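Residue numbers (full-length UniProt numbering), protein chains in the order written: chain A, 1 to 148; chain B, 1 to 749.
Hints are computed from structural coordinates only; laboratory data are not their basis. This structure is a prediction, so every number in the text was calculated from the model and none was measured. Note that the Cβ used here is the ideal one computed from N, Cα and C, for glycine as well. Among these hints, one or two may not hold up.
With a Cα cut of at most 20 Å, we get these calculated SDA-like pairs of lysine to any residue [stated by the list, open to error]:
(1) B:LYS527 to B:LEU498
(2) B:LYS513 to B:PRO341
(3) B:LYS469 to B:GLU555
(4) B:LYS628 to A:GLY125
(5) B:LYS214 to A:VAL90
(6) B:LYS326 to B:GLU355
(7) B:LYS439 to B:ASP407
(8) B:LYS214 to A:GLY91
(9) B:LYS204 to B:LYS214
(10) A:LYS113 to A:ALA87
(11) B:LYS628 to A:ASP121
(12) B:LYS562 to B:SER734
Label-pair ranges, simulated between beta-carbon atoms [unchecked claim]:
(13) A:GLN59 to B:ARG265: 27 to 33 Å
(14) A:ALA148 to B:ALA323: 53 to 59 Å
(15) B:LEU195 to A:ALA148: 48 to 54 Å
(16) B:GLY379 to A:THR128: 45 to 51 Å
(17) A:GLU63 to B:ALA298: 24 to 30 Å
(18) B:ALA323 to A:THR128: 35 to 41 Å
(19) B:ASP601 to A:GLN59: 32 to 38 Å
(20) B:GLU631 to A:GLU16: 39 to 45 Å
(21) B:GLY650 to A:ALA83: 20 to 26 Å
(22) B:ASP601 to A:ASP122: 18 to 24 Å
(23) B:GLY379 to A:GLU63: 41 to 47 Å
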Amino acid sequence: MITLTINAQPYRVEAEPDTPLLFVLRDSLGLTGTKYGCGIGQCGACTVLLDGQAARSCQIPLESVGDQAVTTIEAIEQDPVGARVVAAWVGIEVPQCGYCQSGQVLAATSLLKQTPKPSEDDIAGAMTNLCRCGTYNAIAAAVRQAAA
Amino acid sequence: MNDLSPLRAGGHDREPVRNLSRRGFLGAASGALLLGVGLRLEPAVAQTRAEGPAAVAPKPGTRVAAFLEIRPDNSVRLLSPFVEGGQGINTGLAQTIGEELDLDPARFAVECAPPGPDYAVVNGLRMTGGSFSTRSSFEAMRRLGATAREMLLRAAAAKLAVPQASLTTEDGRVIHAGSGRALGYGELAAAALALQPRDDVPLKAAKDFRWIGKPVARLDMRDKSTGRAVYSIDIRIDGMLHAAVRHAPHLGTEPEAIANEAEVRALPGVQSIHRLPGAVAVVADTWWRARKGADALAVTWTKPAPEGVDTVSAGFSSAAMLAALKDSTAPGIPAEQEGDPDSAFAKATKVVEAEYDAPYLAHAQLEPPSAVARFAADGSLDLWLPNQMPELFQQVAAKVAGLQPDDVRIHSPMLGGFFGRHFYYGPASPFPQAILLAKATGRPVRVLWSREEEFGMDAVRPLSFARFKAALGPDGLPVALQTTAVGEGPIGRWFGALFKSPVDSSVVEGLDKKPYAIPNRRLDYVKVPHPVTIAFWRSVGHSMNDYFYESFLDEVAQAGGKDPFDLRMALLTDSARHRTLLQTVADLAGGWRRGPFTAEDGTRRARGVSMASPFGSETATIAEVSLKDGEARVHDLWIAIDPGSVVNPGIVKRQVEGAAALGLSSTLLEQVVYEGGQRQARNFDAYPILDRERMPRVHVAIVESGAPMGGIGEPGLPGVPPAVVNAVAALTGSRPRSLPLSKARLSGA
Numbered sequence: 001m002i003t004l005t006i007n008a009q010p011y012r013v014e015a016e017p018d019t020p021l022l023f024v025l026r027d028s029l030g031l032t033g034t035k036y037g038c039g040i041g042q043c044g045a046c047t048v049l050l051d052g053q054a055a056r057s058c059q060i061p062l063e064s065v066g067d068q069a070v071t072t073i074e075a076i077e078q079d080p081v082g083a084r085v086v087a088a089w090v091g092i093e094v095p096q097c098g099y100c101q102s103g104q105v106l107a108a109t110s111l112l113k114q115t116p117k118p119s120e121d122d123i124a125g126a127m128t129n130l131c132r133c134g135t136y137n138a139i140a141a142a143v144r145q146a147a148a
Numbered sequence: 001m002n003d004l005s006p007l008r009a010g011g012h013d014r015e016p017v018r019n020l021s022r023r024g025f026l027g028a029a030s031g032a033l034l035l036g037v038g039l040r041l042e043p044a045v046a047q048t049r050a051e052g053p054a055a056v057a058p059k060p061g062t063r064v065a066a067f068l069e070i071r072p073d074n075s076v077r078l079l080s081p082f083v084e085g086g087q088g089i090n091t092g093l094a095q096t097i098g099e100e101l102d103l104d105p106a107r108f109a110v111e112c113a114p115p116g117p118d119y120a121v122v123n124g125l126r127m128t129g130g131s132f133s134t135r136s137s138f139e140a141m142r143r144l145g146a147t148a149r150e151m152l153l154r155a156a157a158a159k160l161a162v163p164q165a166s167l168t169t170e171d172g173r174v175i176h177a178g179s180g181r182a183l184g185y186g187e188l189a190a191a192a193l194a195l196q197p198r199d200d201v202p203l204k205a206a207k208d209f210r211w212i213g214k215p216v217a218r219l220d221m222r223d224k225s226t227g228r229a230v231y232s233i234d235i236r237i238d239g240m241l242h243a244a245v246r247h248a249p250h251l252g253t254e255p256e257a258i259a260n261e262a263e264v265r266a267l268p269g270v271q272s273i274h275r276l277p278g279a280v281a282v283v284a285d286t287w288w289r290a291r292k293g294a295d296a297l298a299v300t301w302t303k304p305a306p307e308g309v310d311t312v313s314a315g316f317s318s319a320a321m322l323a324a325l326k327d328s329t330a331p332g333i334p335a336e337q338e339g340d341p342d343s344a345f346a347k348a349t350k351v352v353e354a355e356y357d358a359p360y361l362a363h364a365q366l367e368p369p370s371a372v373a374r375f376a377a378d379g380s381l382d383l384w385l386p387n388q389m390p391e392l393f394q395q396v397a398a399k400v401a402g403l404q405p406d407d408v409r410i411h412s413p414m415l416g417g418f419f420g421r422h423f424y425y426g427p428a429s430p431f432p433q434a435i436l437l438a439k440a441t442g443r444p445v446r447v448l449w450s451r452e453e454e455f456g457m458d459a460v461r462p463l464s465f466a467r468f469k470a471a472l473g474p475d476g477l478p479v480a481l482q483t484t485a486v487g488e489g490p491i492g493r494w495f496g497a498l499f500k501s502p503v504d505s506s507v508v509e510g511l512d513k514k515p516y517a518i519p520n521r522r523l524d525y526v527k528v529p530h531p532v533t534i535a536f537w538r539s540v541g542h543s544m545n546d547y548f549y550e551s552f553l554d555e556v557a558q559a560g561g562k563d564p565f566d567l568r569m570a571l572l573t574d575s576a577r578h579r580t581l582l583q584t585v586a587d588l589a590g591g592w593r594r595g596p597f598t599a600e601d602g603t604r605r606a607r608g609v610s611m612a613s614p615f616g617s618e619t620a621t622i623a624e625v626s627l628k629d630g631e632a633r634v635h636d637l638w639i640a641i642d643p644g645s646v647v648n649p650g651i652v653k654r655q656v657e658g659a660a661a662l663g664l665s666s667t668l669l670e671q672v673v674y675e676g677g678q679r680q681a682r683n684f685d686a687y688p689i690l691d692r693e694r695m696p697r698v699h700v701a702i703v704e705s706g707a708p709m710g711g712i713g714e715p716g717l718p719g720v721p722p723a724v725v726n727a728v729a730a731l732t733g734s735r736p737r738s739l740p741l742s743k744a745r746l747s748g749a
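Only chain A is shown next, with the shape it has when bound in the complex (with noise of 0.2 Å):
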């Protein structure tokens, strides 16, 4: 039994060690928000914060968890900055088919977070997730409108 913090709630959970986060938080915890994409930290879809940070729940063992607090997209906009980001995103109307704007919300979130405001090459460096619908230009919009 693993005891994590998540969205500011314990949980506890019954799993091996190397189950990654990413299964942990869709179908043991039923947090569907987060998504499986790849599997092998290429597409982001899976991004989630750990102690604010984003990363790939798909590449991160339940065992090295620990005591960070992870934040899904469910509570996203309980951080100031998460709900601007949210914001921003209904607002320019990011998403199209939005299989992958969980993930992306929470990457702006983190970039945000570590930096307010970021220049064109702060974005490209943290946006990397992919989006099969090409919403990327609709992305970096409202990331400049969350910082704005």
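Model the placement of chain B on the given structure of chain A, informed by the hints.
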């Protein structure tokens, strides 16, 4: 070990088929679609049925109660004929119906309707594809809204005991101005929906539109920005088991033996191990445990044929398949003919010839495919699955489950991207596995394919090949064009029994029906089947054919000493619509110039231009490109699109931009490569797709010419590959005739 008998997709049952009486582009297609899954139904029989007992079936799109549930708070739940997968159809429908119903689109909650004859609004058929949704249903959905509004007015007139003509509506309320009384739609709904709909309700004049034609906010933005949107992969059912699947390394081979079955069954959480057609499955209490089990299975498989391209043999490769297409000497079937090409070639001043090819492509939608199957106590089946055609999946699922179609309830959640992925493609669809496993275990089962299995089993855009030969006159203008398209397309593969035409439209579209005034033309189709599972892929035949044709047209311009933009304009003498569009894209780009030229940032750049006529719309595209580290860097795409008229210009622009991104991705990066009968790339590390760094600025101009409404979801794509490649040719002095560009290192001329 549970041995599940192989599926028999064929059969000769005569299933009830509804609503085959309507004609039109796909009028005969409903029968064909069913034939595609092995049902046999002669058109004459269909006709008899439609005019006989089936004639009582409702005319699709007319029965208000099948579409609208008006709630007490005056909001509406709309059961949509279409599935939302990012294209914005839910919002477009809310605008269209809300306009005539007089209800703010923001008050609509839209979900995909279950199977049923009411929803066959695409020329008598139901599907989400072919960029058909809005253009096929626009009139019917307006009429539905207007009819519902009239019923609400009639119900209000009875309730208030006033003449109906004295009533008006205002955003969800019926108003009696004379007495100042008002009734919400919600209060009237029960009485209104019990009334007989009228079929002669007038529609609004376009000048009075409040929402149609406006960039109304999309309905799904908040849910999709907060993780609340529910996709098939998110469906959770009480008591559900999870299955992970491993498919045969060669399509068409079967599991023979499993060496370590007992060990795998002893792994934590594993419930059972199953053989499926062409696959093995591990069922467990969580998907990760199932997957670890599936990965651990030591399976031996039956042997594929040693060589050849008739099957996915041990020696099959995409290179061998391309060679087979190139080597084909079979005579072509004429797909388009005009004038007298033979004598034009005999008199030509100059003849230009070239061959083009484009690879197999994966859909690579970010949601891996899944399906949940649950049998009820009475033996009926619930199925949650990504799909673009509920009735077709219902038919196939019924055959797999051994049920009648009416005993299968299809649930169609929102799609995490589709791009053509979610039609029925035989072994590329996971839901038959879910049905078999639910049956075998007696529990609800979710099958989820890992990304690796999806790259292995996805149905692919066909690898394609075309030959061109043009005759030029003394003025340098083309006087004749001979084109041969070689291969096989998804229409022929999946719907061939329906379309009796020997020419597969999905192989030749984009090579035919071009707007250019070339007086002598011949387009031939040569069928060479692929052994792999082929699919519709966003813009289908246009996804490669416009690249072939519009690149070759630049070769013709060069041979005749013409500027490529000027040549196109000269060849558009017969079409003011196309000339306007071409000029619009040039204006959008600040004027046409081919280059190479030096940009303000010092980079050496060039521009390419192209035109396309996909899915009832027209596009003109300009790309500005430089070279960096041997790669093409696309800085700007300017796209002018004329879909006749639009419902939501905001959504149209984003769809065009998204389609352009996919077109650019295919131009620069993508190819599914087979070697030794196996697909080489099994994840995004080996199958790169367009990332943010490679995304250009995209500038979209909408031209509403008033022509019949065309499609939107796909038409932004086909112009991009040729515009980019034409710019690359201007930069490098050599012409890439094979995609993707990443196969070769590019260098400046």
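Results of checking the hints against the structure:
| no. | hint | result |
| --- | --- | --- |
| 1 | B:LYS527 to B:LEU498 | holds, 17 Å |
| 2 | B:LYS513 to B:PRO341 | holds, 16 Å |
| 3 | B:LYS469 to B:GLU555 | holds, 11 Å |
| 4 | B:LYS628 to A:GLY125 | holds, 19 Å |
| 5 | B:LYS214 to A:VAL90 | holds, 18 Å |
| 6 | B:LYS326 to B:GLU355 | holds, 9 Å |
| 7 | B:LYS439 to B:ASP407 | holds, 15 Å |
| 8 | B:LYS214 to A:GLY91 | holds, 16 Å |
| 9 | B:LYS204 to B:LYS214 | holds, 15 Å |
| 10 | A:LYS113 to A:ALA87 | holds, 16 Å |
| 11 | B:LYS628 to A:ASP121 | holds, 18 Å |
| 12 | B:LYS562 to B:SER734 | holds, 17 Å |
| 13 | A:GLN59 to B:ARG265: 27 to 33 Å | holds, 29 Å |
| 14 | A:ALA148 to B:ALA323: 53 to 59 Å | holds, 56 Å |
| 15 | B:LEU195 to A:ALA148: 48 to 54 Å | holds, 52 Å |
| 16 | B:GLY379 to A:THR128: 45 to 51 Å | holds, 49 Å |
| 17 | A:GLU63 to B:ALA298: 24 to 30 Å | holds, 27 Å |
| 18 | B:ALA323 to A:THR128: 35 to 41 Å | holds, 38 Å |
| 19 | B:ASP601 to A:GLN59: 32 to 38 Å | holds, 37 Å |
| 20 | B:GLU631 to A:GLU16: 39 to 45 Å | holds, 42 Å |
| 21 | B:GLY650 to A:ALA83: 20 to 26 Å | holds, 24 Å |
| 22 | B:ASP601 to A:ASP122: 18 to 24 Å | holds, 20 Å |
| 23 | B:GLY379 to A:GLU63: 41 to 47 Å | holds, 44 Å |
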